[in-house]
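Participant: Same order as they appear, the protein sequences are chains X and Z. Here the numbering used here is used: the first residue of the first sequence is 1, the next is one more, and so on. Here the numbering used here is used: the first residue of the second sequence is 1001, the next is one more, and so on.
Mixed in with the good hints there might be a few duds.
Residues from chain Z shown here face chain X by an in silico Cβ test under 8 Å; the list is partial [said to hold, decoys possible]:
id, residue
1, N1090
2, F1091
3, V1092
4, V1093
5, V1583
If we take Cβ atoms under 8 Å as the criterion, some of the chain Z residues that face chain X in the derived model are [what the hints assert, rightly or not]:
id, residue
6, T1170
7, E1380
8, G1498
9, R1507
10, A1508
11, F1518
12, E1520
13, T1571
14, A1573
15, V1576
16, S1581
17, F1592
18, P1594
19, P1624
20, A1639
Ranges between beta-carbon positions, derived for each pair [to be verified]:
id, chain 1, residue 1, chain 2, residue 2, range
21, X, L207, Z, G1642, 54 to 62 Å
22, Z, A1114, X, R290, 53 to 61 Å
23, X, D139, Z, E1694, 31 to 39 Å
Hints are computed from structural coordinates only; laboratory data are not their basis. Note that the structure is predicted; figures quoted are calculated from it, not measured. Note that CB positions come from ideal geometry on N, CA and C, so glycine has one too.
Residue strings, one per chain:
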Amino acid sequence: MSAPNNTYDPVEVAALAPDAVQRIQADALAAIAAAADLDQLKAVRIAHAGDRAPITLANAEIGALPPAARAEAGKRVGAARGAIRQALASRQAELEEERDRRVLVDEAVDVTLPWDRTAAGARHPVTTVGEHLADVFVDMGYEVAEGPEVEAEWYNFDALNFPPDHPARDQYDTIFVAGPDGAERSGVVLRTHTSPVQIRALLTRPLPLYVVSPGKCYRTDTLDATHSPVFNQIECLAVDEGLTMADLRGAIDAFVTAMFGAGLQTRLRPDYFPFTEPSADVSMQCHVCRGASTRPGGQPCRVCRSQGWIEIAGCGMVNPRVLVACGIDPERYSGFAFGLGIERSVMIRHGVADIRDTLEGDLRFSRAFGMEA
Amino acid sequence: MRLPLSWLQEYAAVELSADDDAGVAEMSWRLTNCGLEVESVETVGHDITGVIVGEVLGIEELTGFNKPIRYCHVSAGDGQERHVICGAGNFVVGDRVPLALPGSVLPGGFEIGARKIYGRVSEGMICSPAELGIGDDHTGIMVLAPDAPLGADFVSYAGLRDVVFDINVTPDKGFALSVRGVARELAISYAVPFTDPAGPVPSAVTGAGEGPGGAYPARIEDPTGCDRFVLREVLGVDPSAPTPLAMAVRLARSGQRSVSLAVDVTNYLMLELGQPLHAYDKAQLVGAVVVRRARPGEKLETIDHVVRELDAEDILIADDSGPIGLAGTMGGVHTEVSESTSDVVIEAGHFSARGVARMSRRHRLGSEASARFERGVDTELQRRASARAAAMLAEHGGGRVVPGCTYASVPVEPITITMDAGYPDRVAGVAYGTDTVTARLRDVGCTVASASGDRLIVSPPSWRPDITDPADLAEEVIRLEGYQNIPVHAVRAAGGRGLTGRQRLRRATGRALAYQGFVEVTTDPFASAADFDRLQLPADDARRLAVRLSNPLSDDEPLMRTTLLPGLMRTLARNVGRGFSDVLLFEFGLVFRPRPDGASFAPILPVDRSPSASEIAQLEAALPDQPLHAGVVLAGNAAPAGWWGPGRPAGWQDAIEAARTVLRASRVRFAIRTAHYEPWHPGRCAAVVVQDCEGREQVVAHAGELHPRVIAAFGLPVRSAAMELDLSVVEAAADALGPRQARPLSSYPVAVQDVALIVAQAVPAAKVESALRVGAAQAGDVLLEDLSLFDVYTGDQAGEGHKSLAYTLRFRAPDRTLTAEEVAAARDAAVAEAVRQTGAVLRSG
Ligand SMILES: [Zn+2]
């Protein structure tokens, strides 16, 4: 760079001569036009617009001119710089477009290739449907209570108003636990239903009480397509002041709506459970055909066997004797209970035809349901 | 309970034809809605056409065949003689018989034609009861009463067209095990008159004497087993007298076999009235009949020809010869009526429901009689039922009733229930009002009186021993008013606290394992000692102590599982057998561990009050520990093979990682240790330890590769691995943790240092890592933010019996950029601790 000089004639700074500037510009534009790709253009940008580029150096010389000459030289150099910048920008855009076109072809991949490099895990639908069922009640304000599977007979039967030797016990084909001394009866059984959890809850939790208890149960049933000796139940129990069968029906309807959708009718018919009085079995309108299969000309329905109704649960008003056995005043409190089989719910809701599919542990069964049924 | 419509209609005045499908469906609906669930409705007799009452005019015995064959000349009442072949021989010339002429149809669509058989043309057939769908008797043809109208249509003559309702009677409704009980319900439902089939004792059988000596002598010796006992006598009965056709048809429709007139009469009345009756051969009785308990050593051969050793609790009917029957359950073989019995003693008793139930269970002997006594029989039916039996035997068997009866009874306290008249309304949530409540209770036979303050005093009828509480009365009102008329109230908000931490953790744990590729299964919870052997468990292993079942589903598996692994391994093998090579399974489930000091018996506590804390403790003491376990098994590839290349074989690492996964989900601090524990490979087994809520170290899991012997015993793929973890302990420890606390995030630069340490092969990496962390923690406020093991090297440069572990340490300070000196000091402190604890040598270069 020349030293600042207020007396020099402009023509004495050769780089700022009009033809020199023109040449610099022409060289730069030629190089830009010749750049074949973005990398070359990057090099051209450094060579012709960078810190050491002729035009940049020329620009720096402007200060060496006498003040009178600076304006004209500045104008000349500025115009050249502008032209170079513009050429760079437009070549950049051109080359980027070209690259985009080329990349689309050259670097394209088959994005439909699988990449399932982690094994597909899953939870069992009896677990997830059980959780769903519990959640329906939890959303109504119930809490989930649990109890042991090997249970004292008193909890499983007596406290639930099954008198000793009553034929009601025969309906629950019970597996008995032998005493440590080998005695056939030890007052301990594999629980035949989740109802003993009702007793445990009533004995330990404050009133009013709203609990739901899911869990595994055992009976000596023979395994077939619809029965399993080991199965899961879920049962709700509400004990409060002034509960009626109308409240029970409300809970049932809310439950059916949450599990199977709105607008399904429910139906109660008298049944017998020692721990509820009155007792009923609960059917709901078939969620698949909504009764259409029973009308003349209706398509047959596999889910309800064209009955229009599906039996889903047993229910009733808590027998005051049960409350008494738990130290609760039946004059003040009343309650209802409502229980159903989880496997059966899975079968109804998900079209499982054979309960054994839920038991065998075949990978395909759980996998088909994924994380949430 | 199978109930023919025609029988019900005899006592409930419902107008309904067996052909009226809609009417039958409505009746079925009504029965179900009043609590008598109709399981099936069967139309009978509609499938028989063309059978008429014929007469046998002559019999030719054909010979030369391998069994006796008759060629019969029969009349159909149309003046034309026909001929039919018949293989039965229980009829004579002049007998009236059901005759199926060519063109008739028998049950099952069986069409009768004329055909040549045994060298003769047979123009139809003479029918057996079984061929007409009346019972299963194939042994002979049906011989009809001599007054059967010749040529009449047999179906209408015998009343075969009917509808049979099969009702599932719940255990509380003993009254519904009878035509009487069900007809009463129908009459209520249809609001039509009901005629009680148990009418007053007919005058022909009443007599002056209705007491201990009115007829054959009897007494009740044990009033706890029996409170009513009636005997009547019918003398000179024709032992060969046939059962009237109408009775035989009804018995068959109800599923009872026809035996003999005396037995059929008792069965018929049991079905009609619900009162079990027994007929004795008077000639076989010795001395007075007594109801008593069994004595030591007594035996009885019951009519099913089983000799039964009697229990001191058994309620017996006995005479001077000893036991002659199990009360209300089954009679003895020596006193039963036989083909030669002409003098019959009829018994009608009322036995203890519980006593009969216990006896029938003890002897594994359920009978029609015991089913009724267990559920409750009318206490006031014995004289009437026995009187009807005597009258029917006399009428159809030509006998003579000895007037009067022997009647032994024990006073029974009548049941009265005081109920607030508004109680049914409060149970149902419906305003029925006192009038409706009273009317409904009277419908079912209660007597209802008003007491002060809107209270009703209700006496249930003698046939409803199930009604004991106001709740029972409420149920009667509500069911008769119809469950369908109960309104639906909106759900009351209960204000619960949601899931507990444990419950949320269990879900999170399941999801964590599933996201790692494990598939949840449920396995058989039963176990056997053979499983414990296959697991190579030592003789004193705690897992061998298992809960034993008295009546297991399978004798091969009499125990409850103490570990999840055998079930998981079998499920693994099953999946491999079904063609899956990469199998990663998990299960959550209880295992059952008897407490060494556990009680041997859980008492049956009273139910008229709540149990005391010590009583509850007694129950709990008899239960085993039932911790929730999580188990995994895996074989094949943990990460599948694909177009990207080979899979990553599953192994001990994945099993141990599964334990880490569970513990990470729980946030409980844990450490991995080397372990030797069955059924794992002795060199490839880890124990996972945590601090429980009381600060004690506890092993919560074992994981690793399975022992080759175990793999062989369960038929698993080689190198299969497994993990089993006690979730209950982890859940409890997690419960004790407060909410996780966040750390401030420093935005100062990180300083990264790599160190390689040479240690003996036997030194676990976990120990080196923990020493590095401890050492780094001693270096002031320089935070060891992260530490990762990036290389394990066992080549020459590590030296014989040694390995090199290379770690990256990331340091950062909360408030400044660390200087090189600070970083070096922290690294050196970490290394120094590792050197001190593990004998590590810092590898240079
Ligand atoms: Zn349907």
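Participant: All hints, please: hold or fail.
Facilitator: Hints, one by one, checked against the model:
no., hint, in the structure
1, N1090, "violated (40 Å)"
2, F1091, "violated (44 Å)"
3, V1092, "violated (48 Å)"
4, V1093, "violated (52 Å)"
5, V1583, "holds (6 Å)"
6, T1170, "holds (3 Å)"
7, E1380, "violated (22 Å)"
8, G1498, "holds (6 Å)"
9, R1507, "holds (6 Å)"
10, A1508, "violated (12 Å)"
11, F1518, "holds (5 Å)"
12, E1520, "holds (4 Å)"
13, T1571, "holds (4 Å)"
14, A1573, "violated (10 Å)"
15, V1576, "violated (10 Å)"
16, S1581, "violated (11 Å)"
17, F1592, "holds (6 Å)"
18, P1594, "holds (7 Å)"
19, P1624, "holds (6 Å)"
20, A1639, "holds (6 Å)"
21, L207(X) to G1642(Z): 54 to 62 Å, "holds (58 Å)"
22, A1114(Z) to R290(X): 53 to 61 Å, "holds (54 Å)"
23, D139(X) to E1694(Z): 31 to 39 Å, "holds (36 Å)"
The earlier numbered hints that this structure contradicts are 1, 2, 3, 4, 7, 10, 14, 15 and 16.
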